[in-house]
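Q: As you go down the protein sequences, you meet chains A, B and C in turn. In terms of the UniProt record's numbering, the first sequence opens at residue 1 and continues consecutively. In terms of the UniProt record's numbering, the second sequence opens at residue 1 and continues consecutively. In terms of the UniProt record's numbering, the third sequence opens at residue 1 and continues consecutively.
Worth double-checking, as some hints may not be accurate.
Because identical chains share one entry, a pair is satisfied inside a single copy or across any pair of copies.
Unchecked claim - Straight-line distance between alpha carbons at most 25 Å, and here's what the computed SDA-like set of lysine to any residue pairs gives: (1) K10 - E136; (2) K190 - D50; (3) K10 - D50; (4) K82 - T208; (5) K217 - E103; (6) K147 - M101.
None of these hints come from the bench; they were simulated from the model.
What follows is each chain in one-letter form.
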Amino acid sequence: MFKAVIGAEKLKDTIESISTLVDEARFKLTADGVSVRAVDPANVAMVSLDLAKDAFDSFEATEGELGIDLTKLNGILEMADKNDNIELSLDETAHKLVIRMRELSYTMSLLDPSSIRKEPKVPALDLPAHIVIRGEDLKRAVRAAEKVSDYMSMGVRGEVFFMEAEGDTDNVQLEMTKDQLIDLKPGEAKSLFSLDYLTDISKIAGKTGEVSIDIGKDYPLKVRFKIAQNHGDVSYMLAPRVESE
Amino acid sequence: MFKAVIGAEKLKDTIESISTLVDEARFKLTADGVSVRAVDPANVAMVSLDLAKDAFDSFEATEGELGIDLTKLNGILEMADKNDNIELSLDETAHKLVIRMRELSYTMSLLDPSSIRKEPKVPALDLPAHIVIRGEDLKRAVRAAEKVSDYMSMGVRGEVFFMEAEGDTDNVQLEMTKDQLIDLKPGEAKSLFSLDYLTDISKIAGKTGEVSIDIGKDYPLKVRFKIAQNHGDVSYMLAPRVESE
Amino acid sequence: MFKAVIGAEKLKDTIESISTLVDEARFKLTADGVSVRAVDPANVAMVSLDLAKDAFDSFEATEGELGIDLTKLNGILEMADKNDNIELSLDETAHKLVIRMRELSYTMSLLDPSSIRKEPKVPALDLPAHIVIRGEDLKRAVRAAEKVSDYMSMGVRGEVFFMEAEGDTDNVQLEMTKDQLIDLKPGEAKSLFSLDYLTDISKIAGKTGEVSIDIGKDYPLKVRFKIAQNHGDVSYMLAPRVESE
Chain A
1 MFKAVIGAEK LKDTIESIST LVDEARFKLT ADGVSVRAVD PANVAMVSLD LAKDAFDSFE
61 ATEGELGIDL TKLNGILEMA DKNDNIELSL DETAHKLVIR MRELSYTMSL LDPSSIRKEP
121 KVPALDLPAH IVIRGEDLKR AVRAAEKVSD YMSMGVRGEV FFMEAEGDTD NVQLEMTKDQ
181 LIDLKPGEAK SLFSLDYLTD ISKIAGKTGE VSIDIGKDYP LKVRFKIAQN HGDVSYMLAP
241 RVESE
Chain B
1 MFKAVIGAEK LKDTIESIST LVDEARFKLT ADGVSVRAVD PANVAMVSLD LAKDAFDSFE
61 ATEGELGIDL TKLNGILEMA DKNDNIELSL DETAHKLVIR MRELSYTMSL LDPSSIRKEP
121 KVPALDLPAH IVIRGEDLKR AVRAAEKVSD YMSMGVRGEV FFMEAEGDTD NVQLEMTKDQ
181 LIDLKPGEAK SLFSLDYLTD ISKIAGKTGE VSIDIGKDYP LKVRFKIAQN HGDVSYMLAP
241 RVESE
Chain C
1 MFKAVIGAEK LKDTIESIST LVDEARFKLT ADGVSVRAVD PANVAMVSLD LAKDAFDSFE
61 ATEGELGIDL TKLNGILEMA DKNDNIELSL DETAHKLVIR MRELSYTMSL LDPSSIRKEP
121 KVPALDLPAH IVIRGEDLKR AVRAAEKVSD YMSMGVRGEV FFMEAEGDTD NVQLEMTKDQ
181 LIDLKPGEAK SLFSLDYLTD ISKIAGKTGE VSIDIGKDYP LKVRFKIAQN HGDVSYMLAP
241 RVESE
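In isolation and in its complexed conformation, chain A is listed as follows:
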């Protein structure tokens, strides 16, 4: 059983944060809210989303799992105005999700959850360095790095957070001290990441005021921030590339 009402913008942001990595996902319902864990097809990045009951104007659910085609759902949500309320209700017998916005109702077939890749186990990582950066600064550095390379390294040197990309002839560098960041906990850290994934993640993170980054030495990166007006938590884990030099 699932029946909920949520502001269109909050729902859009939530779906987008998952659909940046995967096209289909399993939404886990409990009485307390919705959660999603998904890994991209290449096993490089993982997203973990928790949307609390409070993010909804009304929310009723029993334990369950919904298989959702995110591309289709994004298409439907495009039709909503920013201030529309979206009403979601599960038609259990027909295995469909009814999405209502004003007088319009869209009946969407659900996917069989067992046909969607299993929820990954989120590894526990103890990463030495921690920074908090403005979303737009992260996005800006990633966009600059794309101009010269397909990879970007991130790390902490002393009291400075850096992002660097080296191309054949040109290179790009961002250096930020604790003053220029929101927070910095130093620690030995430098890892290389694929810009394909960083671009997708930073597009979502770029809309947010504060983005937490945990990073280590040739270790996965963890990027966390709030969405849906602080009622949702998104975190991404991104595997490092081994430097070939």
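Guided by the hints, dock chains B and C onto chain A, whose structure is given.
A: Leaving out everything else, chains B and C in the frame of chain A:
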């Protein structure tokens, strides 16, 4: 003889309402204004436009007919600013229309009206149900229907106006009561239409406050509204599709 | 030695005024500012740019020449916000230009100036007619001409400046008297130009309030205006087409 001045935006809206169905049209001139009747190449939809003399800042015409390439005229009008006045004058001997906007003058060859498909006879239809809906509500429902199908049915059930589209797995439905509409006159009505045409028509109608719809049971649809700041009447007639189920 | 700070918008406008004709250029540095002279690959149009020291927030340079990939530089400047300051500094040993915007630094390889086409000699022309026109009026006439032809003639007839384009069936004409222009010095003038080039030049000139045009009879056209908030001078010279009629 033809010589007239009209605001750029009014003229653009007028031309667009015809060019959504046909690329060329015969413009009929009388001392009282301009009118166009045209049928799309597939004989599925018909447009009928009447633009009164009042829509113009100045208007002088004797009876006549102008063959106009609408694609070209749209291209020319794109260059006008919203608040520009457009001066139109017929060069009868050269068979050209001179279009002036500020210091710029564009001399456009006219088409031979006899080379353009004849003006259709507008059939008299007595359709049982009648509704008046906000243009944006119509456009919104049509856009939603496109997500699931190439066809959409419209009709009235009791005191409710509905639009429905059924896809292979999903479906879309709009239901509006008299309260949610501007007006409703009930009557038995349900017909299926091609979204190709409804999309074009609803894009134009979507800019308007009030759109009148007359509808019957497996009968053509009639969509009417005002354009050019209430000085013009546009109406579309759209043939139904026979349901194959 | 070169080290300078300039507003992002001023730098973008400056680079764009050159990159509309060429992909690479030699930037000549002196203690007083920067200048560029370049000819397009087909030898039809020439651009001459002088950006005074005053255009910069700070400027220090010794005589020198930088070979710059304009396409790449445009891409880098896209990342800057309108109000950002851009810091430029030359790394002479590595032969690189370091471009800093906020915490981000981009290190761009310079091109060998000798690999870039030599600076052209700007011919001294004594053109009989001179007009000053609003940039947007020029752009508008060029856009209209494109609708009907690949060429456009410009000239002065008595006290009237005209621009004309003739297509197979349609034609476009702009006529402006001294009152409608900012200034007009009459003189016998009519030349035909390729719209390929006029389009590029008028896109840049269209952003400017006042554009000076010098013109003769089957002679090159000279188009001049200020950029970078009046601290820069751009001028284009465009060879005429010989009328084949």
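Q: All hints are to be evaluated individually against the structure, with a verdict given for each.
A: Results for each hint:
1. K10 - E136: both (19 Å within a copy, 23 Å between copies)
2. K190 - D50: Neither, since 29 Å and 44 Å both go past 25 Å.
3. K10 - D50: within (13 Å within a copy, 45 Å between copies)
4. K82 - T208: Close inside one copy (17 Å) and across copies (21 Å); limit 25 Å.
5. K217 - E103: The answer is between: 23 Å across copies meets 25 Å, while 54 Å in one copy does not.
6. K147 - M101: This pair counts as between: shortest inter-copy Cα distance 15 Å, intra-copy 41 Å.
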